[in-house]
Amino acid sequence: MASQVIAESDDLIQRGVAAQNEYRFDDAGLSFWHALSCIDASPDPKERRDQSLQLASFFLRVTHEDLALLAISEAIRLDEKLKDHASLVSHLIFYGNIHMRLGNTDEAKATFADVIERCLEIEDYGDAASASTNLAAMTANSGDGAGAIKLLRNSLQYLAKKPFPDTEFITHITMIQTVAFHDGDPALAVASGIAIGKTFSERVTDDLRQQLVQPLQTAVESYLKKKPQPNPEAWKKKNLAWIYSN
Amino acid sequence: MPLTAAGFAAELAPLESTDPIVQAVANNIRAAVKDSGVEHEIPGLKIYFPDFSKAKSDATTMASYTKGCQSILPSIVVVNARFLLDTEAAIRSFGLYDELFQTPYLRNDACMFGLVKRVREDGNQWLRKLREFEQEKKSPQRNEIDELTLTILFFCAHEIGHLKDGVDGGQFVALLNKAAPFENRSANAAVKVRRHASEFEAYGFDLPGWKGAVDPQHEVFAATEKLRLKVKEEDEKNADWFKKEISADNAAVKFMIHYLKDQAPMRRSLLIRGLFAASLYAWYDDFLTFCEAMNVPRMGTKPMLSFELMRDPEIYIRAASLFGDVHRCTILRSTLAIQEVLNADVNDGPKTKASDTFLDRVSALWSNLFGQDEAEKDESNQSWKVQSARRHLLLAIHMDTVVKLAYVGASMPWMKEKEEQRGTPQLMMIEYESIDQSVNRLKRMLGIK
Numbered sequence: 001m002a003s004q005v006i007a008e009s010d011d012l013i014q015r016g017v018a019a020q021n022e023y024r025f026d027d028a029g030l031s032f033w034h035a036l037s038c039i040d041a042s043p044d045p046k047e048r049r050d051q052s053l054q055l056a057s058f059f060l061r062v063t064h065e066d067l068a069l070l071a072i073s074e075a076i077r078l079d080e081k082l083k084d085h086a087s088l089v090s091h092l093i094f095y096g097n098i099h100m101r102l103g104n105t106d107e108a109k110a111t112f113a114d115v116i117e118r119c120l121e122i123e124d125y126g127d128a129a130s131a132s133t134n135l136a137a138m139t140a141n142s143g144d145g146a147g148a149i150k151l152l153r154n155s156l157q158y159l160a161k162k163p164f165p166d167t168e169f170i171t172h173i174t175m176i177q178t179v180a181f182h183d184g185d186p187a188l189a190v191a192s193g194i195a196i197g198k199t200f201s202e203r204v205t206d207d208l209r210q211q212l213v214q215p216l217q218t219a220v221e222s223y224l225k226k227k228p229q230p231n232p233e234a235w236k237k238k239n240l241a242w243i244y245s246n
Numbered sequence: 247m248p249l250t251a252a253g254f255a256a257e258l259a260p261l262e263s264t265d266p267i268v269q270a271v272a273n274n275i276r277a278a279v280k281d282s283g284v285e286h287e288i289p290g291l292k293i294y295f296p297d298f299s300k301a302k303s304d305a306t307t308m309a310s311y312t313k314g315c316q317s318i319l320p321s322i323v324v325v326n327a328r329f330l331l332d333t334e335a336a337i338r339s340f341g342l343y344d345e346l347f348q349t350p351y352l353r354n355d356a357c358m359f360g361l362v363k364r365v366r367e368d369g370n371q372w373l374r375k376l377r378e379f380e381q382e383k384k385s386p387q388r389n390e391i392d393e394l395t396l397t398i399l400f401f402c403a404h405e406i407g408h409l410k411d412g413v414d415g416g417q418f419v420a421l422l423n424k425a426a427p428f429e430n431r432s433a434n435a436a437v438k439v440r441r442h443a444s445e446f447e448a449y450g451f452d453l454p455g456w457k458g459a460v461d462p463q464h465e466v467f468a469a470t471e472k473l474r475l476k477v478k479e480e481d482e483k484n485a486d487w488f489k490k491e492i493s494a495d496n497a498a499v500k501f502m503i504h505y506l507k508d509q510a511p512m513r514r515s516l517l518i519r520g521l522f523a524a525s526l527y528a529w530y531d532d533f534l535t536f537c538e539a540m541n542v543p544r545m546g547t548k549p550m551l552s553f554e555l556m557r558d559p560e561i562y563i564r565a566a567s568l569f570g571d572v573h574r575c576t577i578l579r580s581t582l583a584i585q586e587v588l589n590a591d592v593n594d595g596p597k598t599k600a601s602d603t604f605l606d607r608v609s610a611l612w613s614n615l616f617g618q619d620e621a622e623k624d625e626s627n628q629s630w631k632v633q634s635a636r637r638h639l640l641l642a643i644h645m646d647t648v649v650k651l652a653y654v655g656a657s658m659p660w661m662k663e664k665e666e667q668r669g670t671p672q673l674m675m676i677e678y679e680s681i682d683q684s685v686n687r688l689k690r691m692l693g694i695k
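Here the protein sequences come in this chain order: A and H. Using our numbering, you'd call the opening residue of the first sequence number 1 and step up by one each time. Using our numbering, you'd call the opening residue of the second sequence number 247 and step up by one each time.
To be clear, the hints were calculated from the coordinates, so they are not data collected in a lab. Ideal placement from N, C-alpha and C gives every residue a C-beta, glycine not left out. Be careful, since some hints might not be right.
Said to hold, decoys possible - Below, a sample of chain A positions facing chain H; criterion: calculated Cβ distance under 10 Å: (1) SER37; (2) ILE76; (3) GLU107; (4) LYS109; (5) PHE112.
To be verified - So the derived list for chain A, only partly shown, Cβ under 10 Å to chain H, looks like this: (6) LEU92; (7) GLY96; (8) THR105; (9) THR111.
All chains should be built: construct the whole structure from the sequences, respecting the hints.
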């Protein structure tokens, strides 16, 4: 049963929502802030951590990113206090994702690098892959294609040890895009394209396919020049039907 | 009996703030002032950072009390620690975002008011969380204390400028006093805002169609001039104070240029970030006080100043309070300070015409600064320049409300004369830009969707 502090926090959230619905973002922000600060009064660190986490997701949804950052940071501090390493890692990824969304690239990169290190120490390969893929995307955006591809290859290695389909799907997509934008090895993009066709074809939406067709076809042409196939068209249809079919 | 320097020391030293950040900033500032050699001009210069909440009696009755910063002749500068902490809260809040356009406070006026309300109502707790957040950050960058130091150093340099000019009781900021009544004397209001409008015009902040307010040959100007003669003595006193404020601002800019001369260009960006956050926050603090006191209604997220001023033009008289008594507009002084500090970096100065608007000059300055570095291609250097330019331009664009209030307010006596001649009131609606409108204007200017 929720404590009185949590009930008070929830009540303040409701008041904030009412204010936000009337476009009173100032009063909403104030209520939301009180909803976060009042939980300091709870003597139970686990309760404080859980409420902070819930609030962080909520604040992000209602576009009070400053409060979301403070709330998730509080949850991370409490994870450390509780020595809850599994939660800590996933909350750090959440924290890094908020920074990534806000364009705070230095902090996001430093966070993902920290997560990879922590995860490898405890052999948590799923989260290591997730952080490595996110870091790769940011590294590619800042112009370091080789660094990004290295991180993506690391992600795929981690995923081979601990399968995590959501991350694997994103990693393959990022690999195709990074190879295209940064003149990477086309074999890597082709391998990712084949993996998507084999395992994730159901997840490929029309929009995503549109985005990937050109970079992947370009990679395939380069790849086939280096590794010619007796019947290229048949090879394409066999291995990359999701790209070459109408 | 007035206090001596020793008397002020006895009054202020025991109140010195024990907050660790205030102490760190105070130490940095004292060291910078010492290095500047200004103590040769002002022997025995002392800078105090009192926490007036520790005073045994009502602090506001103390001779040294100030809400912001002030100079006390011959050699004392006082920075209210509360003011420093509120500035820190503003700087840290804006500092959560590297990219200006991702800053949620800039989404609309209500979001800016939200930040002000949070600092007003729960400033210490908000600041504590922001400081904890900073400590837990993963990246090695820690700029907040530097940013705060440079910003407060600029304010202190203004006070030092007053001391050099022999001005007692000069203050950097005149924050709108909630408890005090707003301006209600039409002559004083019109004359005051005309002084501001004239200054805006001189810097290239004009308002097409309203230039008569600042043109001595125009009948609009003449109508206000008639009123000025009624309050001539007070106006001359205020005009003299205004000049002293300008002189102190110029001294502050010179101080900062000298201080930053041999430092990494990145340090200028910290000053720009700090001045941006502090001045935008200060403006919205005053604007919120004004809107609350005048019961200005909202439409969506925007205070409907336009409708209120159309419904009751007398509010223009009250709005003159937003300009303080004798101070220049806070956003203007920050914008000018940034411009001057950066001008010192441009070897041959921006190539602009006298007829250019302020925004043209700011754009030219930044083009020049970016042009200088084309060969260097230093990514982090370019990044701070992009972010600094956006902040500088946004401040210049967001002068919109104060510029309109000044020009239109200075034209009110003429409009009143016309209404009396005609026998019917004139309905007039002026659109005042909210922060999101200013941000959108900046994005359009930069070609950002």
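Quiz item: Once the shortest beta carbon distance from ILE76 of chain A to chain H is found, is it less than 10 Å?
Solution: 7 Å, holds
Quiz prompt | Restraint check, 10 Å cut-off on beta carbons, for SER37 of chain A near chain H | solution = For SER37 of chain A, the interface hint holds, since the closest Cβ of chain H sits about 5 Å away, which is under 10 Å.
Quiz item: Hey, does the PHE112 of chain A contact hint survive, CB to chain H under 10 Å?
Solution: This interface hint holds because 9 Å falls under the 10 Å limit.
Practice problem: Classify the hint on THR111 of chain A as holds or violated, based on whether any CB of chain H lies nearer than 10 Å to its CB. | Solution: 5 Å, holds
Quiz item: Hey, does the GLY96 of chain A contact hint survive, CB to chain H under 10 Å?
Solution: 8 Å, holds
Quiz item: When the nearest CB of chain H is found for LYS109 of chain A, is that gap smaller than 10 Å?
Solution: Result: holds, 7 Å to nearest chain H Cβ.
Exercise. Using Cβ atoms only, decide whether LEU92 of chain A comes closer than 10 Å to chain H, and label the hint accordingly.
Key: For LEU92 of chain A, the interface hint holds, since the closest Cβ of chain H sits about 8 Å away, which is under 10 Å.
Exercise. Would you settle whether the hint for GLU107 of chain A is holds or violated, based on the nearest Cβ-Cβ distance to chain H being less than 10 Å?
Key: Constraint on GLU107 of chain A satisfied, holds at 5 Å.
Quiz item: Against chain H, is THR105 of chain A within 10 Å by beta-carbon distance?
Solution: 7 Å, holds
The earlier numbered hints are all upheld by this structure, with none contradicted.
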